[in-house]
Every structure is written in structure tokens, then in C-alpha cells.
Amino acid sequence: MTGQLRALLRLFAVQGTWNYERMLGVGMGYAAEPLLEDLKAVDPVRHGEAVVRSAEFFNCNPNLAGLALGATARAEYEALPGAQIVRLRTALCSPLGAMGDELFWAGLVPALVGAALVGVVLGAGWWAIAGFILIYNGIRLWTSYWSLRTGMESGMRVGAAIGASWLPRAIERIGPASAFAIGAAIPVVAAWYLKPFGFSAGIGAAGVVMAGIALTRWFAPFLTTVRFALAAMIFLLVLRRVGV
Amino acid sequence: MNEFSPHVVLPLLVWGTLVGLDLVSVPQAMISRPLVAGTVAGWLVGDAEAGLRIGVLFELFALDVLPVGAVRYPDYGPATVAAVALGAGAPWELGLGLSVALGLVLAVLGGWSLQIVRRWNARAIQRRAAALAAGESSAIRRLQYGALLRDAARGFILTLLGIVLASTIKDMVGLDRQTAVALTLVAIGSALAAAVSGAFRGSGRSSRLKWLLAGAGVGVLLAALA
Chain A
1 MTGQLRALLR LFAVQGTWNY ERMLGVGMGY AAEPLLEDLK AVDPVRHGEA VVRSAEFFNC
61 NPNLAGLALG ATARAEYEAL PGAQIVRLRT ALCSPLGAMG DELFWAGLVP ALVGAALVGV
121 VLGAGWWAIA GFILIYNGIR LWTSYWSLRT GMESGMRVGA AIGASWLPRA IERIGPASAF
181 AIGAAIPVVA AWYLKPFGFS AGIGAAGVVM AGIALTRWFA PFLTTVRFAL AAMIFLLVLR
241 RVGV
Chain B
245 MNEFSPHVVL PLLVWGTLVG LDLVSVPQAM ISRPLVAGTV AGWLVGDAEA GLRIGVLFEL
305 FALDVLPVGA VRYPDYGPAT VAAVALGAGA PWELGLGLSV ALGLVLAVLG GWSLQIVRRW
365 NARAIQRRAA ALAAGESSAI RRLQYGALLR DAARGFILTL LGIVLASTIK DMVGLDRQTA
425 VALTLVAIGS ALAAAVSGAF RGSGRSSRLK WLLAGAGVGV LLAALA
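Chains A and B supply the protein sequences, listed in that same order.
For the first sequence, counting from 1, position 19 maps to 19 in this note's numbering; every step adds exactly one.
Basically this note's numbering = 1-based index in the second sequence + 244.
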């Protein structure tokens, strides 16, 4: 297995040692190890320094971490000054975090989940869920591969490579798609649950929805939707206990 | 599921552990999404309908979560697995409310346990600070495997606790039909509130809002036709 392939596989566990001090740092060091192996024979001192740098503080979206990993590994082989590599790593944190979160957590995942929910309710069942898993992991696997390859190829010019890539355009397009999918899923799922209970029960549930939206908005961040749900259930049980 | 026999509990424990690991550590393949975790758990306990109904409901709660940066959020994966263990075997209209209540408590506990694991990871790193500063690759590997083990243990314990609680509730809590239905309706209403809140927060006032409303229009049409 080549170093790049091992690094790619290790990237899937890049958040394994997530903590509040180095965040993804140690996970990045773990993924960098196969990439830096050849440096050990060429320049053992440089290799030791590179390993130290690879496990220092780092944070970004895990699916785009390959860009930083590849770029810094290449910079190590080009024997660039350590301080410059650290600056590159630090500079990549925010953009890779923002772009990756926008693309995956606020875009692709809700878009596919919304579509899967509609599919499940309309009778696609397991197929909808399998489709969600396969499409998400296909895109994510390809993105991770592309990230690592682009990082390795561009090194210190990784910023320009990202700007000229498909990423900014994909982020623009996925946002509307995810909003549309979630917008479609909510009424479909609501009807799926509430139809068997009849009209008056539906009105009651709608009341809970309205109260939930309003109260969690007014009393945020203390009153989360989970706390609201638990409080509403306890309130109901108390009411039933006293005979209402 | 009428009883918590080993041939049901063991696969649930394995599944809950995998689901717990998937949330953050490895491989983030989205098996920790409640829709997936619940459906598979339903299949494991022999009640696919319960798995699907509970999974979809927790998925609505999960839509309110945006896992960016160091944000703290509930862990719905093992919680959904335990909720399915409780809800299986009963008509979903009666069992959903109590299952969701159990699941939500476990999800909060799961989110809290995630913070504990992260603090333990930080302590482990501090203990190996000298080896890290010396550039020892083996120290990085040991830290990584140790952290994965901690997270796996977290998922396992959460699932085990959930199954024990589910078994206890099944044996000891009996709700009358009216209360059970009312609890289910409150659970559905709360989950929809979470999904709507999350959808509006994610859309803001940008062009996404128009797409959200357009999608809602299509959804209403589909719901009427279905």
C-alpha cells in the first residue's frame, strides 16, 4: 500500500483524538505519518521536526483536511522553513473549516437527509437510506482523495488551487438544494406521522410545534429543542397525573 | 421485541458502539444519523417499522444540529438504538412517545460523554507531551488508538445503559392509552419544531429561504397526494 493511500485511509479517523487543546492536531499527525516516511531516510532531523509540526494544533472540516495534509507534507519535502509551514497550516484552518462545513454539514448532509426522508415516507424504504449512505460516502471519498492529491500537487500554492477548483461553485449550488430538500421533507414527514391520529390530534401537535419554535427562539440558548421536548413531556405527564 | 435476549442485545451493543464511533471519531460514514441507526436497529430487533418511525423522528431533532467547530451537541446515535429497543414490539402510535423520551435523555448524556472523552484525550496528550515534542511517531499512534478505544467504550456504555433503561421501563412503566398517544403527539410536535427551527436558522434571510419555502410548497403537495 502506498503512503498516499495509507494517509487517505487514516484521514477517515482524523478526528479520532479530537480535544479542546490541539483539536484535529494529533489526528493530522497520525494521517501524516505515512506521507513523511520517506523523509526519514533522506533527512532524519527534518523528519523529526516534521512529525512534531504535523501533530500541532489544527482544526478544519475533516473532509477537506487532506488539502492541508498534502500541502504541508509537500512543503516538508521541499525543505521550506518550519515557521512558513506552521503559518500555512494556521492560515488553512479557517477557510477549510468554513468551506467544508458549508459544503458538507450545512449542504450535502441536509440535502441527502431531506431527500432520504421524502423517499422513506413515499415508500422507498431501505433504498432511500442506502442511497443516502452510498451517495454521501461516494462524494466524501472522492473529495478526500481530491483534497489529498490537490494538496500534494500544489504545496504552498494550495490557496490558489482551492480558489480555482470546483469547491466554491459547489458550495454556491448545494445551499439552495439542501434548503429545498429539507423544506420538502418536513411537511411530508409531518403528514406521515399525524395522518393516523386525525384532525384534532394534528391541531394539538401543531400547537406543540408553534410553542416549540417560539419558546426555543425566545429563551435561546438555554432552552434548546431537546430541553423543550423533555419539558413538554414532563408537563404532559404531570397534567395526566393530576387528572387533566 | 418482547424480551431482551442475548441474541438481540449483543448485535444492538455492537451496532450502538459502531454508531457512537461514527459520530466524530471514525469513519463518519453517516451511520450515526438517526435515520440509519434507527432503521438498522429496528431490523436487528425484528421490528423494522418501529426502527423507521423512531429513526425518522430523531432525524428531525438532528436537523437542528450543525456540528461545526467545537460546538456541543447531543449524540443521537446510541440514543436512537436504545429508543428502538424500547419501542419495538408495540404499536408505534403508543410506544413512540416513551421511546423518544428515553432517547432524548440518552442523547443529552451522549453529548456530555463526548466532552468527557475530549478532556481525557487532552490529558493523554499532556502525558505524552515530551514524546510528541521529540517527534516520536509511535506516541502519535498510541494517542490515536487510545482515543478511538475511549470513544468506542463511550458508545458501548451509552448503548448498554440505554438497553438497561429500556428493559426497566418496559417492565415497570405502564401508560394508559390516552397518555401514551398524547406523549407520542408531543414527541412528534417537538421533533417537528426542532426541524423547522433548524431549517429557518440554516436558511437565514438569504436566497436559501426562498428555496426552503419552495421546497415546503412541494412537500405540502406531496403530502396531500401521498
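Treat the hints with care, since some could be wrong.
Unchecked claim - Here are some, though not all, of the chain A residues that point toward chain B, as calculated from beta-carbon distances under 10 Å:
1. 13
2. 106
3. 242
As the list claims (entries may be wrong) - Taking CB as the label site, the calculated pair distances span:
4. A:137 <-> B:461: 48 to 56 Å
5. B:420 <-> A:131: 39 to 47 Å
6. B:314 <-> A:168: 54 to 62 Å
7. A:218 <-> B:416: 56 to 64 Å
8. A:238 <-> B:316: 50 to 58 Å
9. B:420 <-> A:21: 50 to 58 Å
10. B:363 <-> A:138: 46 to 54 Å
Keep in mind that the hints were calculated from the coordinates and are not lab data.
Computed from a prediction, not measured in an experiment: that's the story for all the values here.
Backbone N, C-alpha and C define an ideal beta-carbon position, used for all residues, glycine too.
Going down the list of hints, with the structure as the test:
{"no.": "1", "hint": "13", "verdict": "holds (4 Å)"}
{"no.": "2", "hint": "106", "verdict": "holds (6 Å)"}
{"no.": "3", "hint": "242", "verdict": "violated (12 Å)"}
{"no.": "4", "hint": "A:137 <-> B:461: 48 to 56 Å", "verdict": "violated (31 Å)"}
{"no.": "5", "hint": "B:420 <-> A:131: 39 to 47 Å", "verdict": "holds (40 Å)"}
{"no.": "6", "hint": "B:314 <-> A:168: 54 to 62 Å", "verdict": "violated (25 Å)"}
{"no.": "7", "hint": "A:218 <-> B:416: 56 to 64 Å", "verdict": "violated (36 Å)"}
{"no.": "8", "hint": "A:238 <-> B:316: 50 to 58 Å", "verdict": "violated (29 Å)"}
{"no.": "9", "hint": "B:420 <-> A:21: 50 to 58 Å", "verdict": "holds (52 Å)"}
{"no.": "10", "hint": "B:363 <-> A:138: 46 to 54 Å", "verdict": "violated (35 Å)"}
Comparing the model with each earlier hint shows violations of hints 3, 4, 6, 7, 8, 10; every other hint is respected.
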